[in-house]
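There are 2 protein chains.
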Amino acid sequence: MMSDAAYVAVDWGTSSFRLWLVDRAGQVVGERRSDDGMMTAAKVGFASVLQSHLDAVGAGIDLPVLICGMAGARQGWVEAGYVDTPAPLAAVLERAAPVAGQSRDIRILPGIAQRDGSAPDVMRGEETQLLGALGLGASGEALVCMPGTHSKWVSVNGGTVERFSTFMTGELFSAVSRETILSHAVAGADDAEDREAFKSAVAAAFKTPAFAANLLFQARARQLLFGGTPAEARETLSGTLIGIELAAGLARALPQAGIRLVASGRLLMLYRLAFETLAVAVEPIDADEAVRRGLSMAARAIWTR
Amino acid sequence: MMSDAAYVAVDWGTSSFRLWLVDRAGQVVGERRSDDGMMTAAKVGFASVLQSHLDAVGAGIDLPVLICGMAGARQGWVEAGYVDTPAPLAAVLERAAPVAGQSRDIRILPGIAQRDGSAPDVMRGEETQLLGALGLGASGEALVCMPGTHSKWVSVNGGTVERFSTFMTGELFSAVSRETILSHAVAGADDAEDREAFKSAVAAAFKTPAFAANLLFQARARQLLFGGTPAEARETLSGTLIGIELAAGLARALPQAGIRLVASGRLLMLYRLAFETLAVAVEPIDADEAVRRGLSMAARAIWTR
Numbered sequence: 001m002m003s004d005a006a007y008v009a010v011d012w013g014t015s016s017f018r019l020w021l022v023d024r025a026g027q028v029v030g031e032r033r034s035d036d037g038m039m040t041a042a043k044v045g046f047a048s049v050l051q052s053h054l055d056a057v058g059a060g061i062d063l064p065v066l067i068c069g070m071a072g073a074r075q076g077w078v079e080a081g082y083v084d085t086p087a088p089l090a091a092v093l094e095r096a097a098p099v100a101g102q103s104r105d106i107r108i109l110p111g112i113a114q115r116d117g118s119a120p121d122v123m124r125g126e127e128t129q130l131l132g133a134l135g136l137g138a139s140g141e142a143l144v145c146m147p148g149t150h151s152k153w154v155s156v157n158g159g160t161v162e163r164f165s166t167f168m169t170g171e172l173f174s175a176v177s178r179e180t181i182l183s184h185a186v187a188g189a190d191d192a193e194d195r196e197a198f199k200s201a202v203a204a205a206f207k208t209p210a211f212a213a214n215l216l217f218q219a220r221a222r223q224l225l226f227g228g229t230p231a232e233a234r235e236t237l238s239g240t241l242i243g244i245e246l247a248a249g250l251a252r253a254l255p256q257a258g259i260r261l262v263a264s265g266r267l268l269m270l271y272r273l274a275f276e277t278l279a280v281a282v283e284p285i286d287a288d289e290a291v292r293r294g295l296s297m298a299a300r301a302i303w304t305r
Numbered sequence: 306m307m308s309d310a311a312y313v314a315v316d317w318g319t320s321s322f323r324l325w326l327v328d329r330a331g332q333v334v335g336e337r338r339s340d341d342g343m344m345t346a347a348k349v350g351f352a353s354v355l356q357s358h359l360d361a362v363g364a365g366i367d368l369p370v371l372i373c374g375m376a377g378a379r380q381g382w383v384e385a386g387y388v389d390t391p392a393p394l395a396a397v398l399e400r401a402a403p404v405a406g407q408s409r410d411i412r413i414l415p416g417i418a419q420r421d422g423s424a425p426d427v428m429r430g431e432e433t434q435l436l437g438a439l440g441l442g443a444s445g446e447a448l449v450c451m452p453g454t455h456s457k458w459v460s461v462n463g464g465t466v467e468r469f470s471t472f473m474t475g476e477l478f479s480a481v482s483r484e485t486i487l488s489h490a491v492a493g494a495d496d497a498e499d500r501e502a503f504k505s506a507v508a509a510a511f512k513t514p515a516f517a518a519n520l521l522f523q524a525r526a527r528q529l530l531f532g533g534t535p536a537e538a539r540e541t542l543s544g545t546l547i548g549i550e551l552a553a554g555l556a557r558a559l560p561q562a563g564i565r566l567v568a569s570g571r572l573l574m575l576y577r578l579a580f581e582t583l584a585v586a587v588e589p590i591d592a593d594e595a596v597r598r599g600l601s602m603a604a605r606a607i608w609t610r
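As you go down the protein sequences, you meet chains A and B in turn.
First residue of the first sequence? That's 1 in my numbering, and the numbers climb one at a time after it.
First residue of the second sequence? That's 306 in my numbering, and the numbers climb one at a time after it.
Don't take every hint at face value.
[Unchecked claim] For lysine to aspartate or glutamate, the following DMTMM-like pairs were computed, each having C-alpha atoms within a straight-line distance of at most 20 Å: (1) K207(A) <-> D116(A); (2) K207(A) <-> D421(B); (3) K199(A) <-> E276(A); (4) K504(B) <-> E581(B); (5) K512(B) <-> E276(A); (6) K512(B) <-> D495(B).
Think of the hints as simulated: they come from the structure by calculation, not from any bench.
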């Protein structure tokens, strides 16, 4: 049944692992998702984690594998280096690093580095999303917002990544909601929503970003003095952190083409609501689709050239 | 030897416990410091924690005890309530809550609450520091910066707390340095210092507070791309968080009397350096002294009136 499979595409992040088995027509014929990210794989072994997922989708022993993400970091499987800014997206797929000593052809795509002493920055995985989201033939300027553990705001011009900034928004949300006094305020808020609290926090943080650490504490103080639900506190926390990110991302002139928002699921919903609160139009692009498309573009370029 | 002791003063915070045995002349004749804060005492029992420290300094069985801080919180020993803003500091020492069922006279000072729906806030412990730092007869306007786990910026006018804002600066520092990707960047930086990294982070965050979550990530990216010490990364983290706090605290017109900085030890050093970086003059007041003086003022008012 799997005889038509052409290659395997893997998005290997810090804490997540996704694999697609793709046929000659570009169709997905098998898929795996797990939390065997770099953190887990660095302990268990990257080769054995990958093999277990390849076995699970019945991938043939000669099938080549293309990987993007943190598996290519220094603390990953094989360091895949960086393409430096200004970084043509085409250069990313030309510099895949081979994993030595494997029976099949396994390669890891490089990241992009901004070696600017006053604004040093790095990405790994997002370059492949960008490839899928914008394509290789993209012309004109684009500003791309890519929410996540480490949100990226990327300026692309004519298919070249010119500059980008990383914001620790998602990781701050986790750390603050688990490891500070706000953990009491948000406890038990797992599924509930409070869009009004989110929107007013986005607006407040956007207006006075310097008060971010005060707006966070207010979520706790409001509950102590006036009651209020855990969902309200959690959405206030989330809206505050996203609001200051948007204050920075929107601080300069926007390109005529507007903003592309590359996200999926709950993050897509939250960021759309945040941009809407600030009356800024965005064009949404599904992040899961984008990374798979980017990997497929790269795989075809590597193994059919 | 201890026959001259008049009362016991206790500053009981979330994670710290300090006790002073004070004689009739106001001199400290015994002292204890430990990490038996509210978090520990809530499990072990407040009465037994206090008694063990009273035994250690040989406090007589009839000696009264005055407490300030989180022991008076809802999750503390006895809820001591709040004086609402505008809060005369004199009202704080008039509303000490007695701890029932104890053989000796034990009272806990209330906190201060700002019941403002658009800027709700609370303090517990800092009101006693303010009492000691400014005294009861203070006239004129004062802006007081009180760095800590939850830094407070307090506007006092004629001995009355008019408004205040809490910033989660210290707690964010702990959470970010322990629970995010920056934990790798700061690992091993325990004693080293890097004042230049601190100062340039303060200046950068003060100038563009919206970029705080980006400036934090740069500490990691700089290390990946250019090397750099753990101390540099830690001071960048610290300077960024203090820099945005100062951007908020200094956003409005300052009183003629300038800013009082109530702090001790390393925090005093860091905040002085931060204010100096921004060319803002401050009058330092020792925080440890201030809380002890505030407790003593309250104890004398309560037990000699």
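Now for the hints, and whether the structure bears them out:
Distance check on the hinted pair: K207(A) and D116(A) sit about 29 Å apart at the alpha-carbon level, beyond 20 Å; violated. Distance check on the hinted pair: K207(A) and D421(B) sit about 19 Å apart at the alpha-carbon level, within 20 Å; holds. With a C-alpha separation of about 9 Å, the suggested pairing of K199(A) with E276(A) holds against the 20 Å cut-off. Of the supplied pair hints, the one linking K504(B) and E581(B) holds, its CA atoms being roughly 9 Å apart against a limit of 20 Å.
Between K512(B) and E276(A), the direct Cα distance comes to roughly 27 Å. Violation of the 20 Å bound is thereby established for this hinted pair. Between K512(B) and D495(B), the direct Cα distance comes to roughly 28 Å. Violation of the 20 Å bound is thereby established for this hinted pair.
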